[in-house]
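Protein chains in written order, with our numbering: chain A, 334 to 570; chain B, 334 to 570; chain C, 334 to 570; chain D, 334 to 570; chain E, 334 to 570; chain F, 334 to 570.
Don't read these hints as lab results, they were simulated from the structure.
None of these values were measured; they are calculated from a predicted model.
We put the CB at the ideal spot given by N, CA and C, even for glycine.
Be aware that a few hints might be false.
Take a look, some chain A residues computed to stay more than 10 angstroms from chain E by CB distance [claimed, not checked]: (1) 340; (2) 371; (3) 375; (4) 402; (5) 404; (6) 410; (7) 411; (8) 414; (9) 415; (10) 422; (11) 450; (12) 559.
One side of the interface only, derived from the structure: several residues of chain D facing chain C at Cβ under 7 angstroms [claimed, not checked]: (13) 362; (14) 421; (15) 425; (16) 436; (17) 510; (18) 525; (19) 526; (20) 529; (21) 530; (22) 532; (23) 534; (24) 545.
Using 27 angstroms as the maximum straight-line C-alpha spacing, the simulated DSSO-like pairs for lysine-lysine come out as follows [said to hold, decoys possible]: (25) 476(E) <-> 415(A); (26) 415(B) <-> 476(B); (27) 385(C) <-> 385(A); (28) 415(C) <-> 415(D); (29) 476(F) <-> 415(E); (30) 415(A) <-> 415(F).
Protein chains: 6
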Amino acid sequence: MRPSGRNLSDMRPISIETGVMAHAEGSCLIRCGNTHVLCSASVEETAPRWLKGSGQGWVTAEYGMLPRATNTRNRREAASGKQSGRTQEIQRLIGRSLRAGVDRRAMGERQITIDCDVIQADGGTRCASITGGWVALKLAVDKLLKAGVLTSDPIVDHVAAVSCGIYAGQNVLDLDYAEDSEAGTDGNFVMTGAGRLIEVQMSAEGATFSRTEMDGLLDLAEAGVAQLVAAQKAAIG
Amino acid sequence: MRPSGRNLSDMRPISIETGVMAHAEGSCLIRCGNTHVLCSASVEETAPRWLKGSGQGWVTAEYGMLPRATNTRNRREAASGKQSGRTQEIQRLIGRSLRAGVDRRAMGERQITIDCDVIQADGGTRCASITGGWVALKLAVDKLLKAGVLTSDPIVDHVAAVSCGIYAGQNVLDLDYAEDSEAGTDGNFVMTGAGRLIEVQMSAEGATFSRTEMDGLLDLAEAGVAQLVAAQKAAIG
Amino acid sequence: MRPSGRNLSDMRPISIETGVMAHAEGSCLIRCGNTHVLCSASVEETAPRWLKGSGQGWVTAEYGMLPRATNTRNRREAASGKQSGRTQEIQRLIGRSLRAGVDRRAMGERQITIDCDVIQADGGTRCASITGGWVALKLAVDKLLKAGVLTSDPIVDHVAAVSCGIYAGQNVLDLDYAEDSEAGTDGNFVMTGAGRLIEVQMSAEGATFSRTEMDGLLDLAEAGVAQLVAAQKAAIG
Amino acid sequence: MRPSGRNLSDMRPISIETGVMAHAEGSCLIRCGNTHVLCSASVEETAPRWLKGSGQGWVTAEYGMLPRATNTRNRREAASGKQSGRTQEIQRLIGRSLRAGVDRRAMGERQITIDCDVIQADGGTRCASITGGWVALKLAVDKLLKAGVLTSDPIVDHVAAVSCGIYAGQNVLDLDYAEDSEAGTDGNFVMTGAGRLIEVQMSAEGATFSRTEMDGLLDLAEAGVAQLVAAQKAAIG
Amino acid sequence: MRPSGRNLSDMRPISIETGVMAHAEGSCLIRCGNTHVLCSASVEETAPRWLKGSGQGWVTAEYGMLPRATNTRNRREAASGKQSGRTQEIQRLIGRSLRAGVDRRAMGERQITIDCDVIQADGGTRCASITGGWVALKLAVDKLLKAGVLTSDPIVDHVAAVSCGIYAGQNVLDLDYAEDSEAGTDGNFVMTGAGRLIEVQMSAEGATFSRTEMDGLLDLAEAGVAQLVAAQKAAIG
Amino acid sequence: MRPSGRNLSDMRPISIETGVMAHAEGSCLIRCGNTHVLCSASVEETAPRWLKGSGQGWVTAEYGMLPRATNTRNRREAASGKQSGRTQEIQRLIGRSLRAGVDRRAMGERQITIDCDVIQADGGTRCASITGGWVALKLAVDKLLKAGVLTSDPIVDHVAAVSCGIYAGQNVLDLDYAEDSEAGTDGNFVMTGAGRLIEVQMSAEGATFSRTEMDGLLDLAEAGVAQLVAAQKAAIG
């Protein structure tokens, strides 16, 4: 029934290749089916101004998409002179989600910027960015720990995200573009390795939804995030 | 226990004054406690370009805040040259939420723009904007029906929104600023008059949350939205 | 003869409601007929950079208009990415006018920003902004005096403004939009409580004017400003 | 008493050199003492959109200043990404003033853009721009008349402008920068060849003014504009 | 003597992987040593406005760099709100160079946009973009030929580019970043498969250069471009 | 054969008038035929941030064109909100070229900004800007030397530039607009007074070129620059 032939609760194949950007403190290329995102972590030895003297660090994120990551070419945001509302919404979500998995006091007054650049898009780019962004963050933190810059690990738990939605009347896991553009309701679910919730974003696009339907999607999401966390574990070895 | 002395499941006083902007097709001033938002609906007799020939209309929203709506003055967005990510995120949410309560085919190829301008802020401005924006929209649609421009009502149901969160370890309804800035988890819930869900946005800010906690907040939200819908009904007579 | 039925030298009803914005150090809602402007004063305990060490303060103003303050909706300046030439011209005029009524040395090195946001427009928004802006400024200064932050009152005199023009061949006072859009010549007159001139801006729009006509308009303006000053006195009690 | 040694009612030397920009339909370099402005008129054979079908034309103006026209270098507006409020205010004034001397119906549906670029500044740049801009406009119109594109002259009268102010307690004509930066009150006066008023802009900068003082400045302005009109006549032969 | 241990006339290893972006009509990932650029070609079935009716097509290019492509993170151009002068200069060069290898009449009235996004930078990104951009362009054109949209091949010849410079007093081929940042003189040379010159850009950075030195660099460039053209041939099979 | 009737190796008449901008430390109006550029040098007693503590100075340049410098009016860059890619490319070239003729250590930690504003354009504006910009720079440096601010002359040699191209199959020197817009290949050549090369920029526009053709253009350029240097010497006396 799904355009891809997957079962309702099937994730797309996940692959996370680390160390793909030579200059970054941490990096990976995450592939969730045909959605491919390059994630890098850049460490800066100063915190944002508003944290001066607080003893706490900051994690922030930026998101972009290559103009031809999609089926028809999008205008380059650098050329149009501003980031779209969608881009800003996504990068705020990524930053917020990753901060929820970090003890900012243990970071010390430094900032880590996660850049998520979509090389190829087939639905779920914000979820892939969170999942891959966490790997880049973890690798950068491990480097700081190894170098003795950090003495205790500020990473509290895994953070990963997956989308679910109601497609053709059925609850499905890990929507690809063909499903996402048709789904009446969909949502993004960000969770920890322990299965706690960080962010739930559900939207009706054309059809409202019930609490029962919401519960069904949450069940799927829990199963999906568990698989993503396993892939993160494998990637960071 | 709450800074305002309210009970855990108490809403702030709601007041909706209609017809406050002489030029607009529909307008209201909504007050949720000390949060005051001016909402207007402007009808344009052409749809956006991408709907030409589709027979469908569009509802969109813009959001702003007077520089001194808040405790310390914020920079005027018109002067800084762009709308913040927060502003864009909010106005996208308002538009999406209101569209979920509208039969866009019954609108015909016209556009209604909802402007929500926060005069005074004390938490929950996006929820007040949705609830008040729906009243402005309804009044504009009624005017078009009365004038015979529309022959069937495109408004399918009420749309209203409320925030809930976990404050000092307790689930509380309708957060004010003092609570919102301290809450470890909070969420915005957009629902229809019939109690169906349109949008759920829950975020951990400092503390992750469980599905049980989420369910508790949803219970509160259902009760809160019911009161808002009653206030909408009273306002539109 | 006037569209509103007013006599040639009649002002529109003036109403000034103070304390309308809970967070601001001073605020009012001024209504000149159907022109309604929200004015707030925000005190900042540092002066602009170029005044550092001068012992002097600064008064500045910003002006905005809600998109649907007018008969047809205007594009939101925050969305278009810049303030129009008209907006900048008006806010420079408001700031300059209010500074003329202030002893900047008595202010000390602090800045007061007057925000004037037009809620509803029917001609004369810049004049209403000056007249209402002065009330917000005065209230903020009184608060600083009461708190002992200021020890002598930097407000030297009232500042108020009115427009006059030649409509259908007659000199008329306090133009509303219907008159303003037809007037061949019009002007804005900013004066002190003592009747001294601060700013005179007269423009021919379609028909040039003589010194005699200019004198006639100044006579009207003096009478109008006196009424505005009386309303300011009543408002600040 | 004046820094330049001029008498109170002395203008600076005026020189208007025409035909200085080979490509423009009309052009001149106007020198009012050490204030030098390059003015050009560009004819476009279409009117702005809002005049389509009206049978009327439009005159508009743009103003700029070379970065080192002044004593210390100013930031180039093209580099800073926007025109300052001052620039916009001035170019709106130039356009409005020149339109007051034109029968827009006799222009037909075309637009003439007057560019005024200050090469060297010593006070009074907006007045020099209006006076020189009129010459460029007149030359462009004459060219259209000679070519038979226009059959009747849309230029109704001369338009010229001068500044006056109260410097060291005295009314002085044609302020240079040394005077302008010290004057407690100053004004710009735009008039026709027949001595009718087009625009009066008087501002108190530090000291308010009386109607008697205003009358004194108007007397000076009338004498000054007469000399400028004579210089325009000589320039256009 | 070279930091990399290469001989003076050694190129870095070249690798061109095609078909790396699923949605693009043509794409490749070019690696010149540690400089990696993703190149895509997007076909649009309309030409730019200024070519309407000319029977000719257009090739244009856009260039970007991921924020962490370099040793320290660069600000994202989409976030800063504009493309730097360097970015614009490079993308104009890429477009101009590729157009020199195309018969724009044979293209018909369509546009092909080449996006070059630097994933990792180690000197020579603009040259790699031209060389890889040509491959993406060629693949897109081949697709149009295969589909019968084009009937004759508009690609006239290969286009490839290499940098050369004077490093530590010696002429060296294909500068990496360590060399580029120290070279007193360097240049970029764009040539055709037949060895004709398209663009020569030589700059003294600290030390001027002679015609003899320039000739030496041209000799190196010819040899380098020949190797790049061979790699292009291998890539497109 | 040339539209202007010049011989293949004829320069246009060169005129350099110095001291044309009263406020600038150095200035000139350079005329190369009908291309006229105003050049000024502004000295700032602080170096850019990245040179703090280095003991070195900086020379930078900005370039602009009056809207009606050309045959049809161009949009004012200050109004459009950004400098075009062409403008940025040109001003980067001017700055780089002039820096090649300066010992930045002998400048001390100060910055000199060269503004080049094209009053009238007929091809070769970037070359005229470099040649005239050098004169403005030299005059400013001489002033600093005379004032004892500088004790040794940081100007190492003359810097001048000329364009050459292949027009109607022939190598021609100093292209005017009529030639430039038709030439299949053209280039800009920046050289020192001693004949050393600073910058070579050659582009094929429609037709590629050979090394032999390039050599022919370099021969012409050397002769042209020698004449420009002679004009510079005459101008600075």
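Hint check:
1. 340: holds (24 angstroms)
2. 371: Violated: least Cβ distance 7 angstroms, not greater than 10 angstroms.
3. 375: violated (4 angstroms)
4. 402: violated (7 angstroms)
5. 404: violated (5 angstroms)
6. 410: The claim is violated: residue 410(A) sits with its nearest Cβ about 4 angstroms from chain E, within 10 angstroms.
7. 411: violated (4 angstroms)
8. 414: Given a closest Cβ separation of 5 angstroms, the condition is violated.
9. 415: violated (6 angstroms)
10. 422: The claim holds: residue 422(A) sits with its nearest Cβ about 14 angstroms from chain E, beyond 10 angstroms.
11. 450: At roughly 5 angstroms from the nearest Cβ of chain E, residue 450(A) sits no farther out than 10 angstroms, so the non-interface label is violated.
12. 559: holds (28 angstroms)
13. 362: violated (26 angstroms)
14. 421: holds (4 angstroms)
15. 425: holds (5 angstroms)
16. 436: For residue 436(D), the interface hint is violated, since the closest Cβ of chain C sits about 11 angstroms away, which is over 7 angstroms.
17. 510: violated (18 angstroms)
18. 525: holds (6 angstroms)
19. 526: Interface hint status for residue 526(D): violated (11 angstroms vs cutoff 7 angstroms).
20. 529: holds (4 angstroms)
21. 530: Since the shortest Cβ distance to chain C is 5 angstroms, the answer is holds.
22. 532: Holds, about 5 angstroms.
23. 534: At 5 angstroms from the nearest chain C Cβ, residue 534(D) passes the 7 angstroms test, so the hint holds.
24. 545: violated (10 angstroms)
25. 476(E) <-> 415(A): Answer violated: residue 476(E) to residue 415(A) is near 33 angstroms, above 27 angstroms.
26. 415(B) <-> 476(B): Cα-Cα ~34 angstroms, so violated.
27. 385(C) <-> 385(A): Distance of about 24 angstroms is within 27 angstroms: holds.
28. 415(C) <-> 415(D): With a Cα-Cα distance of about 9 angstroms, the restraint between residue 415(C) and residue 415(D) holds, given a limit of 27 angstroms.
29. 476(F) <-> 415(E): With a Cα-Cα distance of about 37 angstroms, the restraint between residue 476(F) and residue 415(E) is violated, given a limit of 27 angstroms.
30. 415(A) <-> 415(F): holds (14 angstroms)
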